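Each protein sequence line maps, in turn, to chains A, B and C. According to the numbering used here, the first sequence is numbered sequentially starting from 10. According to the numbering used here, the second sequence is numbered sequentially starting from 10. According to the numbering used here, the third sequence is numbered sequentially starting from 7.
Please note: incorrect hints may appear among the correct ones.
[Stated by the list, open to error] Covered by chain C, according to a simulated footprint, are these stretches of chain A (three or more residues, beta-carbon under 8 Å):
(1) 57-66
(2) 106-120
(3) 155-161
(4) 179-187
(5) 200-206
(6) 246-252
The set of hints was computed from the structure by calculation and includes no laboratory data. Because the structure is a prediction, the values reported are computed rather than measured. We put the CB at the ideal spot given by N, CA and C, even for glycine.
The chain contents come next:
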Amino acid sequence: MGNMKLNLKIWRQKGPKDTGAMKTYPVNDVSEDMSFLEMLDVLNDNLVRKNEEPIAFDHDCREGICGSCSLFINGEPHGPGRGITTCQLHMRKFKDGDTIHVEPWRSAAFPVIKDLAVDRSAFDRIQAAGGFISVNTNGNLVDGNALPIPKVDADTAFDAATCIGCGACVATCPNGSAMLFVSAKVSQLSLLPQGRPEAKERVLNMVEQMDKEGFGNCSNTGACEVECPKGISLEHIARMNREYMVAGVTKK
Amino acid sequence: MTKLDSKIPEGPLERKWTDHKDHIRIVAPSNKRRIDVIVVGTGLAGGAAAASLAEMGYNVKAFCFQDSARRAHSIAAQGGINAAKNYQNDGDSTFRLFYDTVKGGDYRSREANVYRLAEVSANIIDQCVAQGVPFARDYGGLLDNRSFGGVQVSRTFYARGQTGQQLLLGAYSALMRQVGKGTVKMYDRHEMLDVVKIDGKARGIIARNLITGEIERHGAHAVLLCTGGYGNVFFLSTNAMGSNVTAAWKAHKRGAYMANPCYTQIHPTCIPVSGTHQSKLTLMSESLRNDGRIWVPKKMEDAQAIREGKKKGNDIAEADRDYYLERRYPAFGNLVPRDVASRAAKERCDAGFGVNKTGEAVYLDFTSAIERYGRTQANIQHIENPSAEKIRELGTAVVSEKYGNLFDMYENIVGENPYTHAMKIYPAVHYTMGGLWVDYNLQTTVPGLFTLGEANFSDHGANRLGASALMQGLADGYFVIPYTVGDYLADDIRTGPIDTKRDEFAEAEKAVKDRIDHFLNNKGTKPVDDFHRRLGKVMWDKCGMARNAEGLKEAIIEIRKIREDFWKEVRVPGTANEFNQELEKAGRVADFLELGELMCMDALDRNESCGGHFREESQELEGPQKGEAKRDDDNYAYVAAWEWLGEAGKAQLHKEELTFDVVKLTQRSYK
Amino acid sequence: MARSALLGSSLAKKYWMALTGLFLSIFLIAHLAGNLQLLDMSPDGQLKFNEYAKFMTTFPLVKIVSYVLYASILFHAFDGILLAIQNRKARPVRYVHEKSSANRTWYSGQMALLGTLIMVFIVLHMKAFWYEMHWGELGMDSNGNKDLYTLVAVTFTQLWYVVVYVISMAVLAFHLLHGFSSAFQSLGANHPRYTPVIKSVGVFFAVIVPIFFALIPVWMFINA
């Protein structure tokens, strides 16, 4: 096993209504090859053996694509390191003897379920409000190549589409704003010709839902772009701002 | 033995699906409103099915255990999706895709199903483009293709290394559109814990709300399981942590046959295990084998020195390297299919040539590619007599452009620069071809219970080709089930809502609650993962890349022991009425412990080698194919469908004979 | 729907913040251009400045613009308060440990605080000069214009006043350092070719304008 000793300060909260508090857990034998979540697995394993409640946290694919894992580690979403999610954070980023703070995402729109797990269904509701192209399943659609799409538009749309919906943007934003998330979807679909016909309704509806969910407002600090594990650019927020303004002015 | 009716339509292969669609019954729009359908799982198959059925007019309830439908593990697929579009004018066709898939599956799949899959593949691309899936495009703005998995045509559509993500988000957006309209009621953070049968038909499910712990009854006229594969029975796999067999296993216990459970795909290029703390394995895209060369040292002492950390891969002279795939399979070299590449790596490591501390890793080396690309670049840039460093620099840039994100991922996990040190890779469990037995309509042996995507057994035979899983999931969800489910539901237009107060629901609910109570009140001492790890080790060692009768018999005994220990010694903290992740795991591992035994039984029964299933007793003993897998078409050209007989380890085998009217059975040769 | 899109929504708040902010930035240039006349401390400079002050307080077009200006200041502040409240509510439970230095400049996260300080300064500033000019008892210069110049010169003989001015201009500089380019982003102007230009102009503007503003009291204090 490994040889690092760490001092973890972890947010514990029994349920949504509990107030919760930070609790300290020393862990030994941490190997630098472990991922951060594997380190938590080891801690949980020990807690169960001691008949204590393990720490609840969301995780699934453990390869940085499903967007389940969250965790605000040492003051940053997904911890130190850029372009990675918590499951891709490895313990070699830390030193023997380090103290590590672990907290859940903090947002009025992401209530804590238990310990480090939060409810991000607000994102689903925003998506349901307009994050789609209204096309039914249809075996007789026009050929995929009937409408060429300039490569640069397709590539930019793809950049936006890489969003994994983890919520790090909201977590790190000093205002708890979800604009990077919303704009990524708005931007992707507005860049593609298939998405243009409903572009106005889409952006108006998605922003309306975003506001209803209680997210904060964007003040362009750019923190989201820095912390986004997929490097989604602020350029998409600007595009959403444009799309929304045009929609607001011209919508019949 | 009961005869399994696969309901394959009559007529010539290429007419079967069209004729079938033309003649099966459909439900009128006004009647669809009176029919409820449950879809469990929201990956490619489930998401696509739920969205399609809802827009057709059915009332759909969709369930997933993740916190959002968008997180299903389809999202992790990297490489691409096949479709017979022939955009590249390289001679691709529906028939060729069909043929490649049947051959790739080592002739253990149904011709009719595979042909249908190939037939609808082109529609999938059109559908996804219309949904806004940003596939890769060329400079003319048209869709780009690449060649994948060693086939001879370029038919793979892709979105960088994140094709699964983009396709899933397409299906998810279609699903969320229906949720917004109210035609789909979405139940996330819900886990299905049983199927409820009334008068022999599937009429609903029991599900646990994972946040509140509440056990809920949901009735419907049909239940669709789209719950993915069971690779996590091996504990370590490339599957997501939550991927499980529970839904399929409960269905199996309610009468759905489990088909070919032993067919497991082991992917050759994964990052090796680094220690006992390991929770899951990470896949490195198959595309790396297009440029990387796989090798181990020729000399045992070199391998030993590397394992002890005294030497590095770079210290081994070119002449002392064994590029074993190129040596054994000169025609295909490093591009042999997954099962062949995986077994060859195991063979070398078992012989003592592995190159990391556990002895279970081989090198995937880009030195030659870097050099080759570097020289080309030097020519393009008109650099005369470039230095070795310059060539390296230019070549590294090209490799980085192609695989940069994968190299970064590797360095992040392993902590070693793969541009200067050859990558270490080892095979890992990746996909399960086996699954619930379904007929041509995707219906299991339980009427009203359908299975889609990886959860069923139907299209990949004994080995799945690269970029075909996404194709199958979406084909089932978008273009098969919307037709075939109607044929079944046509009888239900007068049934009315399913009454969840009936005894059948009460009984199923009680069984679920009893099991949960058992876990929570058990006076054990060990966490769930202890038993899962033990099971995984037995499965990997004895029912993994190579299997033999003796090992499988031992495995069955060992699994029984683990199962016994599990029920006695497991400790699940917390309560039933809260978010309790240990409790979730306990239920899943309990089912894996039963499935594992059935997989060994199936592997034991199949005394031949085919695709991902390699029986050491069944290999070529002489001739140019010596040591290669040997199929036995006379005795094993069947689908093994297992019926649950009331307790684990007691299952009855039913055989569905496979007939091949179009494809001629030959030995797969990559020499 | 379309109405709330341009008034009530979160994005609308951004637009108005940006538009009023940019207008105020333009005003800063005009204001600075006028004030730089104060650097000429000769009797002739005094008369010219007072003449200019009279023009600025009586010419009808300037008056109209000044009302737009007052409205902009108030709206910018009011909108800012709304935003601050909304943002505060969006995170009812704060982090125990937050490392904001990892991903943003400190001033980009403190626009409300910087804005409040600027507002305090504006009140002080307007009380000292604007109020006196309009309703105070100012003497007349030799041309018969209100002698605002002397009031300014006398005010800037007080060290504490000069210090307050210089500090306030530093606060303004940080507010502009984020605010200038941020306004363009809010209005949707983000382009790989032009955004770097906007950012550079923003930095230049945020540094130069406050420095010149601060130079005036310092200059007058030293040369008094």
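| message | Can you confirm whether chain C covers the stretch 200-206 of chain A, using C-beta to C-beta distances below 8 Å and requiring at least three such residues? | response | As far as the stretch 200-206 of chain A goes, the hint is violated, because 0 residues have Cβ atoms under 8 Å from chain C.
| Within the stretch 155-161 of chain A, is the number of residues with a Cβ closer than 8 Å to a Cβ of chain C three or more? | violated (count 0)
| Claimed coverage, the stretch 179-187 of chain A by chain C - three or more beta carbons nearer than 8 Å | Since three or more residues must qualify, the claim that chain C covers the stretch 179-187 of chain A holds, with 5 doing so at under 8 Å.
| task | Examine the stretch 106-120 of chain A for residues whose CB is less than 8 Å from any CB of chain C, and state whether their number is three or more. | result | Check passed, 6 qualifying residues.
| Per the coverage rule (Cβ-Cβ under 8 Å, at least three residues), is the stretch 246-252 of chain A covered by chain C? | Answer holds; 7 residues pass the 8 Å Cβ test.
| Do three or more residues of the stretch 57-66 of chain A come closer than 8 Å to chain C, measuring C-beta to C-beta? | As far as the stretch 57-66 of chain A goes, the hint is violated, because 0 residues have Cβ atoms under 8 Å from chain C.
The structure is inconsistent with the numbered hints 1, 3 and 5, although it conforms to all the rest.
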